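Going down the list, the sequences are from chains A and B.
The first sequence begins at 1 in the UniProt record's numbering and counts up one residue at a time.
The second sequence begins at 1 in the UniProt record's numbering and counts up one residue at a time.
For the record, the hints were derived by calculation from the structure and aren't laboratory data.
Nothing here was measured: the structure is a model prediction, and the numbers come from that model.
Errors might be hidden in some of the hints.
[As the list claims (entries may be wrong)] No farther apart than 16 Å at their CA atoms in a straight line, the calculated lysine to aspartate or glutamate pairs in the EDC-like style are these:
no., chain 1, residue 1, chain 2, residue 2
1, B, K121, B, E63
2, A, K121, B, E13
3, A, K121, A, E53
4, A, K23, A, D111
5, B, K51, B, D112
6, B, K121, A, D118
7, B, K51, B, E13
8, A, K121, B, D118
9, B, K51, B, D111
10, A, K51, A, E32
11, A, K121, B, D112
12, B, K51, B, E18
13, A, K121, A, E32
14, B, K121, A, D112
15, B, K121, A, E116
Protein chains: 2
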Amino acid sequence: MSRWQPNARHRLEQAALELFAEKGFSATTVPEITARAGLTTRTFFRHFRDKREVIFGGEEMYERAAELLVELPASDGPAALIGDGLSAIAEARFEGRRAEIRQRRGIIARDDALRERDLRKRAALCEALRTGFVRRGIGALPARLLAETSVTVLYTAVDEWLARDDDRPLSDLIRETLDALRTSIE
Amino acid sequence: MSRWQPNARHRLEQAALELFAEKGFSATTVPEITARAGLTTRTFFRHFRDKREVIFGGEEMYERAAELLVELPASDGPAALIGDGLSAIAEARFEGRRAEIRQRRGIIARDDALRERDLRKRAALCEALRTGFVRRGIGALPARLLAETSVTVLYTAVDEWLARDDDRPLSDLIRETLDALRTSIE
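Chain A with its partners taken away, still in its complex shape (with noise of 0.2 Å):
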């Protein structure tokens, strides 16, 4: 086996998502990953810290998030913030990648371990989040609870674009969240 195999990382997260989908995650070894893939252990391990990472991928999401609210344009009011950024979090992260992040989602859903560690990632998007307001000159209460609105309108936005089998893009579905929130708080 060479040194250097073409799409390691593809190879192990496909081999590690359908493990998991036939096993359960806790049930799966890194060495069953590494032999449905044809791989060594040391590649996995060169390319993903543990099991938990092929499904969650790095962390650089949140300070991508943090930044992208800072390049908005200066004339976006708070509001248009979040519509402009989340969109541009979908864009990002999210289109085009449907069937690959049901599969996670679905993996997550079974696993207690993965759930917490889901409910951490969404925490750390939060705080992310509401260092790019803060950074845009917004005060600490509103950073704070655009924050934590944004992680709600995503998120809840996200989970109905996953149970579609439409075209609908993302980004559509986080406007009319935002503006399904609005309507019923008012």
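Got chain A; can you put chain B on it based on the hints?
Below, chain B without anything else, positioned relative to chain A:
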């Protein structure tokens, strides 16, 4: 030592909170807690499943939260439900306990495992409120958004309340926080 200890639960809580504050949560053992309280470990386990339960208490708040929503006046629209429902929770669970809740929050903030448990508790409260809104006849999407928003408002207002030294009731801060949220996403 007699089998029935008056105020055993309260004495165990006090001893545990003192030790968690002095030594940290993870370094404190159940025998240390019972030694300080002058009670047996057997008595401890009659009152608490483990030392985490001293911090978080039982789970009855969640069922109660859903019931509170159902009991509110039929004339309350969704937005009034948040304000009235959260004020009822504030009255039942928070008012008059600020020093003790501040101590608990400080212990949670310093321990990773407790922070995770706190996130799960928050998610469970959100789910209970969602159920309560659905029982009020509110549709699935607004029920979810109202539940998420309620939890955001409650946690934000509680942090503000814990940070203050004046006598403003938590229910005032809840209403102000809900107004601030509404204004920020207009």
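- prompt: Can the restraint linking K121/A and E53/A be considered satisfied, given a maximum Cα separation of 16 Å?
  reply: holds, 12 Å
query: For the pair supplied as a hint, K51/B and D111/B, is the alpha-carbon distance within the 16 Å limit?
result: holds, 13 Å
- request: Measure nothing beyond the straight line between the CA atoms of K121/B and D112/A; if it is 16 Å or shorter, mark the hint as holding.
  value: holds, 14 Å
query: Holds or violated: are the alpha carbons of K51/B and E18/B at most 16 Å from each other?
result: holds, 13 Å
- request: Measure nothing beyond the straight line between the CA atoms of K121/A and E32/A; if it is 16 Å or shorter, mark the hint as holding.
  value: Roughly 27 Å between the alpha carbons, so the hint for K121/A and E32/A is violated.
message: Just to be careful, I want the Cα atoms of K51/B and E13/B compared with a cutoff of 16 Å; is the pair within it?
response: holds, 9 Å
- request: Take a quick look at whether K121/B and E63/B sit within 16 Å of each other, Cα to Cα.
  value: Within the cut-off at roughly 12 Å; holds.
message: Check whether the Cα positions of K121/A and D118/B lie no farther apart than 16 Å.
response: Holds, at roughly 14 Å.
- request: Would you mind confirming whether the straight-line C-alpha gap from K121/B to E116/A stays at or under 16 Å?
  value: The hint holds at about 11 Å.
query: Under the criterion that the straight-line Cα-Cα distance not exceed 16 Å, is the pair K121/B, D118/A satisfied?
result: Within the cut-off at roughly 14 Å; holds.
query: Taking only the CA atoms, is the gap from K23/A to D111/A under or equal to 16 Å?
result: holds, 12 Å
field: Satisfaction of hint between E32/A and K51/A, Cα-Cα up to 16 Å
entry: Given that 16 Å is the threshold and the Cα spacing comes to 11 Å, the pair holds.
When the structure is compared with the earlier hints, violations turn up for hints 2 and 13 and for no others.
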